[in-house]
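Number of protein chains: 2
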Amino acid sequence: MTDYTRIDAYLESHLDESIAELSRLCAQPSVSAQNWGLVETAEMVAEMLRKRGFQASIHPTGGAPVVFAERKGRSDKTLLFYNHYDVQPPEPIELWESPPFEPTLRGGHLYARGVGDDKSPLVSRLFAIDSLLDQDGELPCTVKFVIEGEEETSSVHLKPFVQNNADLLKADACVWEFGTVDFRDVPIQYLGLRGICYVELSVETANQDVHSGLGGSIFPNAAWRLVWALSTLKGPDERIRIPHYYDHVRPPTAREQALLAELPDPAEEYKTRYGLKGFLKGIQGGQELRLAEVYEPTCTICGLTSGYQGPGSKTVLPAKASAKVDFRLVPDQTPEETLRLLRAHLDEQGFSDVQITFLGGEAPATTDPDDPFVKLVVDAAEAPYGVKMQVVPMVGGSGPNHIFKETLHVPIVTAGTGHPGGQTHAPNENIRIDLYLKAARHIARILKEFGR
Amino acid sequence: MTDYTRIDAYLESHLDESIAELSRLCAQPSVSAQNWGLVETAEMVAEMLRKRGFQASIHPTGGAPVVFAERKGRSDKTLLFYNHYDVQPPEPIELWESPPFEPTLRGGHLYARGVGDDKSPLVSRLFAIDSLLDQDGELPCTVKFVIEGEEETSSVHLKPFVQNNADLLKADACVWEFGTVDFRDVPIQYLGLRGICYVELSVETANQDVHSGLGGSIFPNAAWRLVWALSTLKGPDERIRIPHYYDHVRPPTAREQALLAELPDPAEEYKTRYGLKGFLKGIQGGQELRLAEVYEPTCTICGLTSGYQGPGSKTVLPAKASAKVDFRLVPDQTPEETLRLLRAHLDEQGFSDVQITFLGGEAPATTDPDDPFVKLVVDAAEAPYGVKMQVVPMVGGSGPNHIFKETLHVPIVTAGTGHPGGQTHAPNENIRIDLYLKAARHIARILKEFGR
Chain A
1023 MTDYTRIDAY
1033 LESHLDESIA
1043 ELSRLCAQPS
1053 VSAQNWGLVE
1063 TAEMVAEMLR
1073 KRGFQASIHP
1083 TGGAPVVFAE
1093 RKGRSDKTLL
1103 FYNHYDVQPP
1113 EPIELWESPP
1123 FEPTLRGGHL
1133 YARGVGDDKS
1143 PLVSRLFAID
1153 SLLDQDGELP
1163 CTVKFVIEGE
1173 EETSSVHLKP
1183 FVQNNADLLK
1193 ADACVWEFGT
1203 VDFRDVPIQY
1213 LGLRGICYVE
1223 LSVETANQDV
1233 HSGLGGSIFP
1243 NAAWRLVWAL
1253 STLKGPDERI
1263 RIPHYYDHVR
1273 PPTAREQALL
1283 AELPDPAEEY
1293 KTRYGLKGFL
1303 KGIQGGQELR
1313 LAEVYEPTCT
1323 ICGLTSGYQG
1333 PGSKTVLPAK
1343 ASAKVDFRLV
1353 PDQTPEETLR
1363 LLRAHLDEQG
1373 FSDVQITFLG
1383 GEAPATTDPD
1393 DPFVKLVVDA
1403 AEAPYGVKMQ
1413 VVPMVGGSGP
1423 NHIFKETLHV
1433 PIVTAGTGHP
1443 GGQTHAPNEN
1453 IRIDLYLKAA
1463 RHIARILKEF
1473 GR
Chain B
1023 MTDYTRIDAY
1033 LESHLDESIA
1043 ELSRLCAQPS
1053 VSAQNWGLVE
1063 TAEMVAEMLR
1073 KRGFQASIHP
1083 TGGAPVVFAE
1093 RKGRSDKTLL
1103 FYNHYDVQPP
1113 EPIELWESPP
1123 FEPTLRGGHL
1133 YARGVGDDKS
1143 PLVSRLFAID
1153 SLLDQDGELP
1163 CTVKFVIEGE
1173 EETSSVHLKP
1183 FVQNNADLLK
1193 ADACVWEFGT
1203 VDFRDVPIQY
1213 LGLRGICYVE
1223 LSVETANQDV
1233 HSGLGGSIFP
1243 NAAWRLVWAL
1253 STLKGPDERI
1263 RIPHYYDHVR
1273 PPTAREQALL
1283 AELPDPAEEY
1293 KTRYGLKGFL
1303 KGIQGGQELR
1313 LAEVYEPTCT
1323 ICGLTSGYQG
1333 PGSKTVLPAK
1343 ASAKVDFRLV
1353 PDQTPEETLR
1363 LLRAHLDEQG
1373 FSDVQITFLG
1383 GEAPATTDPD
1393 DPFVKLVVDA
1403 AEAPYGVKMQ
1413 VVPMVGGSGP
1423 NHIFKETLHV
1433 PIVTAGTGHP
1443 GGQTHAPNEN
1453 IRIDLYLKAA
1463 RHIARILKEF
1473 GR
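Residue numbers (this note's numbering), protein chains in the order written: chain A, 1023 to 1474; chain B, 1023 to 1474.
It is possible that some hints are incorrect.
Listed below are the simulated PhoX-like cross-link pairs for lysine-lysine, each with C-alpha atoms no more than 25 Å apart in a straight line [as the list claims (entries may be wrong)]:
| # | chain 1 | residue 1 | chain 2 | residue 2 |
| --- | --- | --- | --- | --- |
| 1 | A | 1099 | A | 1166 |
| 2 | B | 1166 | B | 1397 |
| 3 | A | 1342 | B | 1299 |
| 4 | A | 1342 | B | 1336 |
| 5 | B | 1166 | B | 1094 |
| 6 | A | 1303 | B | 1094 |
| 7 | B | 1166 | A | 1342 |
| 8 | A | 1192 | A | 1073 |
Per the computed footprint, the stretches of chain B lying under chain A, defined by three or more beta-carbons under 8 Å from a beta-carbon of chain A, are [what the hints assert, rightly or not]:
| # | region |
| --- | --- |
| 9 | 1243-1253 |
| 10 | 1312-1322 |
| 11 | 1397-1409 |
In case anyone wonders, no lab produced these hints; they're calculated from the structure. Every value quoted in this text rests on a predicted model; they were computed, and no experiment measured them. We put the CB at the ideal spot given by N, CA and C, even for glycine.
All chains, please: the whole structure from these sequences, using the hints.
Written out as structure tokens, the structure is:
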């Protein structure tokens, strides 16, 4: 067992310097949705890596550039970090207690847009590297970083970049951009993400809205067409009615089910936070709730729009109607298959007039909970966090992890600085300084143990 | 047969003065939805009536005041005119070719907000009265005006006003606020309006929107609840599925059907104007289309709103969803019964969570096409318009005519200045000056013949 006393002492005594570096990065806006500061931030990040002896290059993608960096290490193993330098838009600005791009320390938290998602995970990794270089003058393994600038806008250029640079990115394992503790301060190891297929369904029945006194019984109504089409997708029993939609659903393994069963029952927390009277399908909580939450594919209406939506009444028969719909996919569903089945179903049900616009998709991807790298990462968390890391086989969200999975065939783990009050994507985004230090200690241990 | 030579000559030679008076009234904004200029306009209108020897009074209602005016005439008969002095909001201003409250003559049209709806019908009636007073020094019958200021905001105070002032308003017949020619320049006599029951259906399932990656398979979704509730109201066969909804539908009489059959086939006109591929239920046109258009009660989604409606994708599970729905009612349906049946149906279908907000209702009302007053008005139109007035037993729109019908038990006819290009409720609202003169000539004849 390595002695981490000197590494931990380095991290503790250099914490303020690292927070200062993080603050400089957070003061640099990098809003991908608004194309604001992306090239400047990519250059800043590359420079931060070069300072640590990395060879860093900036790769144009057609959108925001990707920063790639590599530093050879002692062993022949390679660890790949995936991060992103872009952040969500800061709006609504008026809800921020301090300006989003003026990082502010308050009560043990650092507040700034992007501080949690994803600038502090990146800088805490550099901080861990500093501690290893300070101790050994070299890294225990080869370390690569791939840092994109479009994560908040669906990573549109990431897939071709990874596919075209598979040799460059070659690694034995990958650490994902985020990681978090739960509401008990227990660090969580998320081993998989669901996939997603996000579409807009739209109908147009006339060249203009019509007075409802005229056409109600003789003109087609776009809003009705949309409602009827949607109602064929899923009924109040919550069963998705698209033929073959469930064909490729792989049920959770006994191991995955056992891991889920170790999690706290989320029922009361959900009911309180969201003001729910209950859950769907009569589910009360416990394992039934945990399984349904993650291992059932979904069909969610995310938005509806048609006709008059203001106060009071307007007697209009709408010519246009549309719905945003997302399907969360479980292994081994794919967005491509989902799109194909949806089109076939709508046609078969007489809704060829309903247009489908594909707005984004990701395949689901998971890492085997029994992969040795998972054990290494879980074990490495115990000292910094003082409690055993809890393994969660899959969560409900989606992301581009499948791109790395499919191309590089690596186990992917999570490790980061997140906490439940971090206000990710919201005003007053923040990290806890104590968790930042723990995350750096965790990463230092992962690198050290992986390199032996 | 009265000789109308002198009356017609008076109207022709004083046309410019009347248009000038109309322009002054149109230059005075009176937007009920924005509570803009209503009291000023009521006073202006009362003054215009007093100038013609009417006793005019302004009645507070809790909303915009009602102007009532009366002038005794030679015979013991009384004719009641219903008009309104309020107008629709002028927005969107940028689409007006001349400012909405600066009446402008252009190519034989007068453009202004409210010029067609309903200021020119009112002023053309005063103009006709001027011609009769010029000829005889008195009116052929007693004339009453009831002129409200809330017609564009659902006439919310009209019903109690009429009911509380039934003696004051007592009359033998009533001329409604509008009247129009069709696209062939044939004057149309509309003898009835459908009723309406306008509701908002709303659902709330949580205290906030939820990330769709979290709740899709376990949390109730307001948008889905709404879609499913709506889909129980009507299916693609267009049959309304609310039990007993059709119980009080009275089919059109043979006389009403015969009147409809005389109308031109609207099929091609509708298809061209609205860019329609076809009509509902396989209807091709002709009498089938005319009957379905007016004599079938409707259930129309006027608007849908829920969750994210902007560009691209946002993965949100909506906590709220709502729909605007209007039911157009035929004799003898009522809004009260419709509301009751709707609530019972939603409860029975498991949608007690769907709230119903009543946003306005009117009962349907029609006048007997064989009423002698209808014949008088139709005959009186022939000389001014040079073509026989066409009687339409009912149209698809709705209005407060049933209030007069139920309280005063009078036949109600239409006579006015409208034309199909009049842009009612839209930018560049206008009247044709030639039709304004014809309308005044028609009203003069109606008064004269009615008074004999």
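Hint numbers contradicted by this structure
Numbers 6, 7, 11, in rising order.
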